[in-house]
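Starting from the structure of chain S, add chain G where the hints point.
Residue numbers (my numbering), protein chains in the order written: chain S, 1 to 391; chain G, 1001 to 1391.
Among the clues, some could well be false.
[Stated by the list, open to error] Some chain S residues well away from chain G (every beta-carbon gap over 12 Å; in silico):
#  : residue
1  : Val30
2  : Leu62
3  : Glu134
4  : Leu149
5  : Asp174
6  : Ser187
7  : Pro312
8  : Arg329
9  : Arg359
10 : Gly387
[As the list claims (entries may be wrong)] BS3-like cross-link-like pairs, simulated, lysine-lysine; straight-line CA separation at most 27 Å:
#  : chain 1 : residue 1 : chain 2 : residue 2
11 : S       : Lys224    : G       : Lys1383
12 : G       : Lys1325   : G       : Lys1383
13 : G       : Lys1079   : S       : Lys158
14 : S       : Lys325    : G       : Lys1110
15 : S       : Lys341    : S       : Lys307
16 : S       : Lys10     : G       : Lys1180
17 : G       : Lys1180   : S       : Lys170
18 : S       : Lys158    : G       : Lys1383
19 : S       : Lys383    : S       : Lys310
20 : G       : Lys1158   : S       : Lys180
21 : S       : Lys180    : G       : Lys1170
22 : G       : Lys1010   : G       : Lys1078
Honestly, the hints are just simulated from the structure, not real lab data.
Model, not experiment: these values are computed from the prediction.
Every residue, glycine too, gets a C-beta built ideally from N, C-alpha and C.
There are 2 protein chains.
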Amino acid sequence: MSHDAPLTPKDVEARSRAMEVLRSKFIALVDDVMAGRVPTLVIRKRTLTNTLYDDVNGLLRLGEGTLKRSFLNVNEAKKFMQTLLMAGIIYEALKNNEYPTIRDLYYRGKHTIKYRDLVSRKTGEENSWEEQKESDSVIRDLEVFIDMLREDMLILSKEKGKIVGNMRIKSGGDVIDLSKMGHGAYSIEPTPDLIEFLDYDAEYVLVIEKDAVFQQLHRIGYWKTNRVLLVTSAGQPDRATRRFVRRLNEELGLPVYILSDCDPYGWYIYSVFKVGSITLSYESERLATPKARFLGVMMSDIYGSPKLNKKPYLTESERSNYIIKASERDRDRADELENYKWFQTPRWKVEIEIFREKRSKLEIEALTSKGLKFLADTYLPSKIEVGDWIA
Amino acid sequence: MSHDAPLTPKDVEARSRAMEVLRSKFIALVDDVMAGRVPTLVIRKRTLTNTLYDDVNGLLRLGEGTLKRSFLNVNEAKKFMQTLLMAGIIYEALKNNEYPTIRDLYYRGKHTIKYRDLVSRKTGEENSWEEQKESDSVIRDLEVFIDMLREDMLILSKEKGKIVGNMRIKSGGDVIDLSKMGHGAYSIEPTPDLIEFLDYDAEYVLVIEKDAVFQQLHRIGYWKTNRVLLVTSAGQPDRATRRFVRRLNEELGLPVYILSDCDPYGWYIYSVFKVGSITLSYESERLATPKARFLGVMMSDIYGSPKLNKKPYLTESERSNYIIKASERDRDRADELENYKWFQTPRWKVEIEIFREKRSKLEIEALTSKGLKFLADTYLPSKIEVGDWIA
Chain S
1 MSHDAPLTPK DVEARSRAME VLRSKFIALV DDVMAGRVPT LVIRKRTLTN
51 TLYDDVNGLL RLGEGTLKRS FLNVNEAKKF MQTLLMAGII YEALKNNEYP
101 TIRDLYYRGK HTIKYRDLVS RKTGEENSWE EQKESDSVIR DLEVFIDMLR
151 EDMLILSKEK GKIVGNMRIK SGGDVIDLSK MGHGAYSIEP TPDLIEFLDY
201 DAEYVLVIEK DAVFQQLHRI GYWKTNRVLL VTSAGQPDRA TRRFVRRLNE
251 ELGLPVYILS DCDPYGWYIY SVFKVGSITL SYESERLATP KARFLGVMMS
301 DIYGSPKLNK KPYLTESERS NYIIKASERD RDRADELENY KWFQTPRWKV
351 EIEIFREKRS KLEIEALTSK GLKFLADTYL PSKIEVGDWI A
Chain G
1001 MSHDAPLTPK DVEARSRAME VLRSKFIALV DDVMAGRVPT LVIRKRTLTN
1051 TLYDDVNGLL RLGEGTLKRS FLNVNEAKKF MQTLLMAGII YEALKNNEYP
1101 TIRDLYYRGK HTIKYRDLVS RKTGEENSWE EQKESDSVIR DLEVFIDMLR
1151 EDMLILSKEK GKIVGNMRIK SGGDVIDLSK MGHGAYSIEP TPDLIEFLDY
1201 DAEYVLVIEK DAVFQQLHRI GYWKTNRVLL VTSAGQPDRA TRRFVRRLNE
1251 ELGLPVYILS DCDPYGWYIY SVFKVGSITL SYESERLATP KARFLGVMMS
1301 DIYGSPKLNK KPYLTESERS NYIIKASERD RDRADELENY KWFQTPRWKV
1351 EIEIFREKRS KLEIEALTSK GLKFLADTYL PSKIEVGDWI A
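This is chain S alone, in the form it adopts within the complex:
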């Protein structure tokens, strides 16, 4: 009944690496104390103003701004202690071969501290943290401080990403053939760095926002006939899916194409894959795929574009049946995207201009409604062949 099952070598290795990094980063505090200094943490700031777009590498990252958390400063002491509390809990979990979630870490650290004020002699109570928002923020600080993602500390999470295609991987001691999943798919694990790529026969990776469209392309064997690794993020991508896609691009050199709905929300999903998430820019160095290509659906696919000398993929009557009016929120979101440097290219300008002019949007499903064969045999291969994607 006991669950002291032997861990895989990759798991053991990941654990001792994370423990070593935690140790080496926090040992400095002991040195502080021994030397009579006030123990102080110096952490890079995770603020918007300290978030920079790095054009050389094409991704978001944290700037050089730091903040310090000193044990003996009354404004910093609580955060200081929260950070140490969290580091301790994670270290224990690593040592005990556990796999906590961020929710677990919140619960494990939540407790009430009773104190007596030295001056007023009054007693009081203070919670280590009140809400998960607070403990999550501490985990993020820790990730920045030790320069390691939570996945590297074997912290698990809900996982939505799926893959099928001609590829064999190794995970948890098993060899998994991603071409033998039947009508189902392989659900990507929450710690994608533990995956070993064995061999593959594919020319590119196609990442599809919508799970139902992924299911359809899978069902007709699109990945077989086109030699492609088919991935779905099932909406806004989680961290593991982003890391997995990045590894396919970086380690195997496979081009990555993103297929999302034709609206500012879909463009944002592409943007998260490509440059990272704006509020969590410290993750981008590991999770972003700067070379990801936006394949569609483009406004110019719907309406064509004289500027691009491009004919539309949809007829007038198809447009009238498939198009949805853009909402106020869509237009606000487009305004936002226009401010981002990586959308300020001539090619994106054309797309955003058509969006502004037509005030309409379109879902990927409109293309499968025109015909799954149209999507699979015409739209996707011809766009890839002629290079109709945005770098």
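Quick look at chain G alone, frame taken from chain S:
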């Protein structure tokens, strides 16, 4: 490049069965016309008042109430035509070896009909349907009318359910070993009736509401040491997960245990697995698992119960850290559940009473926070061993 890949025999069989049923159900309309009768559809009503709890079989089902849709009745003609339009689109998709989604079917059928009023001579326009809500409702009518689920008509959908365990299945021509998924999992297909169960070595099925808890139990090999098929619905279960679980119970005779959060929302998830969804009761005959057992988390697991002579699994101090105050909505939901016959048992009364008294709830994660080993080595096996579940 073409996608006329040979279909699996199971797929071909499913297609011709669905086409045959559609044909035989709608041919009656032709007979009506030939005999000079007004073509009329008679469909069982999908209303709340026509939804009954069948205590013999322990599931919800539609009653005998019907409605009719006649071609020559001005109030019924639109629905009549919508039903025929949808049936025609689905028939075509089956014939063309396609796999539409319900979103596709909405788009495919959406068009504008121009007409001229015979009396006033005025012209007008009318859309086949405006929103997907409308076309979805037509699909449901069709499911009831032909007594076949949309999955049987090869209509695909987004799919969240996952499984791991000692079992081999066959799907889409592939043999899949669900015990060789590494740290990932097998993502259940949207048409679970096409799955063939080959062999298995398991004593029961454990269905977990939370994906992250599934990931944790999977990671420590819970399914290996306990000989269990581990399933997650990742929240409110979708139809394919429900059908798959039902098949595991019905065809293999495996007991099914549901583990959800300890709150009225978690109890409702259990209820959907067990008796079906209240608004879509016509599905229950195929999707519900009347023998599903509620394993936990129970209010009596948290607080114990003198009535049940049961000690709590949590200490006083664990309770104070893990428990969440129930919201107004939780309490409203509890009121609702109390009205359902299948919650009106002495055992459920105890649970609901504790909920009312304590006005608190608890997540499964509280148990993994107490310790994943506690959940895996103590809580789950001891509850199953002593039979501390609700039938």
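**Q.** Structure-inconsistent hints, enumerated in ascending order
**A.** 5, 6, 11, 13 and 22
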